[in-house]
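Dock chain one against chain two, each of which comes alone in its own frame, and use the hints as you go.
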Amino acid sequence: EAEVAQSPRYKITEKSQAVAFWCDPISGHATLYWYRQILGQGPELLVQFQDESVVDDSQLPKDRFSAERLKGVDSTLKIQPAELGDSAMYLCASSSDREDTGELFFGEGSRLTVL
Amino acid sequence: AQSVTQPDIHITVSEGASLELRCNYSYGATPYLFWYVQSPGQGLQLLLKYFSGDTLVQGIKGFEAEFKRSQSSFNLRKPSVQWSDTAEYFCAVKDSGGYQKVTFGIGTKLQVIP
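Note that the protein sequences, when read in sequence, are chains A and B.
Under my numbering, the first residue of the first sequence carries the number 1, and numbering increases by one thereafter.
Under my numbering, the first residue of the second sequence carries the number 1, and numbering increases by one thereafter.
Treat the hints with care, since some could be wrong.
Below, in silico cross-link-like pairs of lysine to aspartate or glutamate (EDC-like), each with a Cα-Cα straight-line distance of 20 Å or less [stated by the list, open to error]:
hint	chain 1	residue 1	chain 2	residue 2
1	B	49	B	95
2	B	101	A	103
3	A	78	A	14
4	B	109	A	108
5	A	11	A	108
6	B	61	A	103
7	B	101	A	57
8	A	15	A	3
9	B	49	B	64
10	B	101	A	52
11	B	49	A	103
12	B	101	A	44
13	B	61	B	20
14	B	109	A	44
15	B	49	B	66
16	B	101	A	14
17	A	71	A	56
18	A	78	A	108
19	B	101	A	68
20	B	68	B	8
21	A	78	A	44
22	B	68	B	20
23	A	62	A	86
24	B	68	A	52
Away from chain A, derived, C-beta distances all over 12 Å, residues of chain B [claimed, not checked]:
hint	residue
25	13
26	19
27	55
28	58
29	66
30	68
31	70
32	71
33	72
34	83
35	84
36	88
37	100
Partial chain A-side listing against chain B, Cβ under 7 Å, derived [to be verified]:
hint	residue
38	67
39	103
40	109
These aren't lab readings, by the way, just hints derived from the structure by calculation.
Don't be surprised by glycine CBs; every beta carbon is placed ideally from N, CA and C.
Just chain B, same shape as in the assembly (with noise of 0.2 Å):
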């Protein structure tokens, strides 16, 4: 079965500094990636998705990740946070083809301090 590893549950990072979430998926063929954005008491919203094709992918708000298949990780990335960052960030698999479910990580809760 498809599963998620987001090892670092809560992250602080100072307004401006880089910004690295790491999230590592156990699959047998190339998965379908995602990653989602909660803000508090909200629903999810796509940040962004790998299919195919080019391994680095722009998402909104400036984000990036990086599919490595030799290491099964798709981190998320971003230059330089912003406080409005301030949120938890979830990576997702989904099996391609026909009606799989998504699946999702336990989420990082990403503090951003001024």
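If we strip away everything but chain A, and leave its shape as in the complex, we get (with noise of 0.2 Å):
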């Protein structure tokens, strides 16, 4: 079976470095999302891809964050320079376009330990 592909698993940073994640969405699939779970809370959107170009990204701290999908397939979110309110589970979750039906398939995720 087709699985979103995530890496690495997990990371752990020391504040103000760089970090980076990346994603492979389930083949097909044109719509892609990076969604942060903080401890405790459940999933936020911080950007949404509609093939190569942002539909929503009205979360992702610009400032620091920075996410792009260039040729429509797979896809980086980066973080530079990282903080302590950062760590968290980043997930990546793709999605078919032939039904409206905002099922999201989602990867195991990279969970971020900044220090």
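So, in structure tokens, the structure goes:
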């Protein structure tokens, strides 16, 4: 069964350092999402792509976060510089546009710890 | 803006007991509604979804949910829980049409005890 791939699974970094996460969605899924999940909370949408275009980045802290999906397939989320409050699980998800169902398929996530 | 409320942060039930997890949403029209489950350290898996039609929907792992428009609710139920159901459960809502985002509730942590 096709899956959303994410790496790394775990990342420990010191504050002020740069960190990057990678996501490869299910083949053929045009929509890709990055969510941040702080411990004890629900996922919060950071950015949503339709192919290579950003359709929603209203909650992305643009002073330190950036996201790209250059060829409309895989995507990278970057944080520079990392802050203590960025410690969280970063979840990537994708969905098909053949049906407007909104069903998201999630990867296993990348857990970030900022020291 | 759409929102989701899950009033129960943590629930403990005995194995074999029935379960109901509450979810209320705030949205003007009829939204798309979802329940996802997350095991510790893992991503989210879809349990079930509602778009239209029959207000009682069946999902995987023996779960079901009922959409009640008058109460703006979409509660998740299971007649008899198993220890393996221990996980966190998230209710989510999406605006129908277009590339609208999916909004998640804060989640309910379920602990099933033997």
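Quick rundown of the hints versus the structure:
no.: 1; hint: B/49 <-> B/95; result: 13 Å, holds
no.: 2; hint: B/101 <-> A/103; result: 11 Å, holds
no.: 3; hint: A/78 <-> A/14; result: 15 Å, holds
no.: 4; hint: B/109 <-> A/108; result: 18 Å, holds
no.: 5; hint: A/11 <-> A/108; result: 14 Å, holds
no.: 6; hint: B/61 <-> A/103; result: 18 Å, holds
no.: 7; hint: B/101 <-> A/57; result: 10 Å, holds
no.: 8; hint: A/15 <-> A/3; result: 32 Å, violated
no.: 9; hint: B/49 <-> B/64; result: 9 Å, holds
no.: 10; hint: B/101 <-> A/52; result: 17 Å, holds
no.: 11; hint: B/49 <-> A/103; result: 8 Å, holds
no.: 12; hint: B/101 <-> A/44; result: 10 Å, holds
no.: 13; hint: B/61 <-> B/20; result: 14 Å, holds
no.: 14; hint: B/109 <-> A/44; result: 17 Å, holds
no.: 15; hint: B/49 <-> B/66; result: 10 Å, holds
no.: 16; hint: B/101 <-> A/14; result: 32 Å, violated
no.: 17; hint: A/71 <-> A/56; result: 18 Å, holds
no.: 18; hint: A/78 <-> A/108; result: 18 Å, holds
no.: 19; hint: B/101 <-> A/68; result: 18 Å, holds
no.: 20; hint: B/68 <-> B/8; result: 18 Å, holds
no.: 21; hint: A/78 <-> A/44; result: 16 Å, holds
no.: 22; hint: B/68 <-> B/20; result: 14 Å, holds
no.: 23; hint: A/62 <-> A/86; result: 13 Å, holds
no.: 24; hint: B/68 <-> A/52; result: 38 Å, violated
no.: 25; hint: 13; result: 20 Å, holds
no.: 26; hint: 19; result: 19 Å, holds
no.: 27; hint: 55; result: 17 Å, holds
no.: 28; hint: 58; result: 15 Å, holds
no.: 29; hint: 66; result: 19 Å, holds
no.: 30; hint: 68; result: 20 Å, holds
no.: 31; hint: 70; result: 23 Å, holds
no.: 32; hint: 71; result: 21 Å, holds
no.: 33; hint: 72; result: 18 Å, holds
no.: 34; hint: 83; result: 22 Å, holds
no.: 35; hint: 84; result: 18 Å, holds
no.: 36; hint: 88; result: 9 Å, violated
no.: 37; hint: 100; result: 8 Å, violated
no.: 38; hint: 67; result: 14 Å, violated
no.: 39; hint: 103; result: 6 Å, holds
no.: 40; hint: 109; result: 5 Å, holds
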